[in-house]
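Student: Given the coordinates of chain A, work out where chain B should sit on it, guided by the hints.
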Amino acid sequence: DGGITQSPKYLFRKEGQNVTLSCEQNLNHDAMYWYRQDPGQGLRLIYYSQIVNDFQKGDIAEGYSVSREKKESFPLTVTSAQKNPTAFYLCASKDSLYEKLFFGSGTQLSVL
Amino acid sequence: AQSVSQHNHHVILSEAASLELGCNYSYGGTVNLFWYVQYPGQHLQLLLKYFSGDPLVKGIKGFEAEFIKSKFSFNLRKPSVQWSDTAEYFCAVNAFGPGGYQKVTFGTGTKLQVIP
Numbered sequence: 680d681g682g683i684t685q686s687p688k689y690l691f692r693k694e695g696q697n698v699t700l701s702c703e704q705n706l707n708h709d710a711m712y713w714y715r716q717d718p719g720q721g722l723r724l725i726y727y728s729q730i731v732n733d734f735q736k737g738d739i740a741e742g743y744s745v746s747r748e749k750k751e752s753f754p755l756t757v758t759s760a761q762k763n764p765t766a767f768y769l770c771a772s773k774d775s776l777y778e779k780l781f782f783g784s785g786t787q788l789s790v791l
Numbered sequence: 013a014q015s016v017s018q019h020n021h022h023v024i025l026s027e028a029a030s031l032e033l034g035c036n037y038s039y040g041g042t043v044n045l046f047w048y049v050q051y052p053g054q055h056l057q058l059l060l061k062y063f064s065g066d067p068l069v070k071g072i073k074g075f076e077a078e079f080i081k082s083k084f085s086f087n088l089r090k091p092s093v094q095w096s097d098t099a100e101y102f103c104a105v106n107a108f109g110p111g112g113y114q115k116v117t118f119g120t121g122t123k124l125q126v127i128p
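Chains as they are written, first to last, in my numbering: chain A, 680 to 791; chain B, 13 to 128.
Keep in mind that the hints were calculated from the coordinates and are not lab data. Don't take every hint at face value.
[To be verified] Here are the computed distance ranges between Cβ atoms for each label pair:
hint: 1; chain 1: A; residue 1: Asp717; chain 2: B; residue 2: Ile24; range: 21 to 27 Å
hint: 2; chain 1: B; residue 1: His21; chain 2: A; residue 2: Ser686; range: 47 to 53 Å
hint: 3; chain 1: A; residue 1: Leu776; chain 2: B; residue 2: Gln54; range: 22 to 28 Å
hint: 4; chain 1: B; residue 1: Glu76; chain 2: A; residue 2: Ser789; range: 35 to 41 Å
hint: 5; chain 1: A; residue 1: Asp717; chain 2: B; residue 2: Tyr51; range: 15 to 21 Å
hint: 6; chain 1: A; residue 1: Thr699; chain 2: B; residue 2: Lys70; range: 38 to 44 Å
hint: 7; chain 1: A; residue 1: Asp738; chain 2: B; residue 2: Pro128; range: 36 to 42 Å
hint: 8; chain 1: A; residue 1: Thr758; chain 2: B; residue 2: Ser38; range: 41 to 47 Å
[As the list claims (entries may be wrong)] Covered by chain B, per the in silico footprint, the following chain A stretches (three or more residues, Cβ under 8 Å):
hint: 9; stretch: 686-692
hint: 10; stretch: 706-714
hint: 11; stretch: 731-738
hint: 12; stretch: 758-764
hint: 13; stretch: 773-779
[What the hints assert, rightly or not] Some chain A residues flagged as far from chain B (calculated, every beta-carbon gap over 12 Å):
hint: 14; residue: Gly682
hint: 15; residue: Thr699
hint: 16; residue: Ser744
Quantities reported herein were computed from a predicted structural model and do not represent experimental measurements. Glycine is no exception: its CB is placed at the ideal position from the N, C-alpha and C atoms.
In isolation and in its complexed conformation, chain A is listed as follows:
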């Protein structure tokens, strides 16, 4: 099955802890994106990557970090500096021909 796989589906973070959300794709897409979805605020861009070993900050990058060591993988770390991490996190990759975004099923992060 081709697509985007996000794991885990639910994640709990303790105060002062860093947590990492996984995003893997087997669509052979170059570009990948991380969004945060909060009720009433739509999808806000955290980080994006056009190609391996390169990534750019989005609109709300503070308190987050990413890496792009492989084309297939774009993990997001929510650091202890992110004071309001409770949200639904969506990962997407983009088809370069049709410019269409393909989304994963998301990770719900909550703070204990």
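Tutor: Structure of chain B alone, referenced to chain A:
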């Protein structure tokens, strides 16, 4: 910096009513425009897109959108909604920036509720 505004946060319509959802963006350079839909419990999926050419674009399920460059708008329309159109609709802008970076920004979404 680019931004996307959706003016209607929650719309309630009766079946067979006409729909128009507003979307405005701000960006001075080249953009591609999209509408995505999220049905309850499902992933976001592409409804339609505009790259260039005819400013009136047609998408799936009878939806269409019109790009008005002078107004920086890309409003979504459907002549007659059905109960199955109940979903959240997101406008998105793919902006082409320096270095070939393509930043995709979404609006805040519009929840559409269609009453049978």
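Student: Please flag the earlier hints that this structure goes against, numbers listed from lowest up.
Tutor: 2, 8, 9, 12, 14
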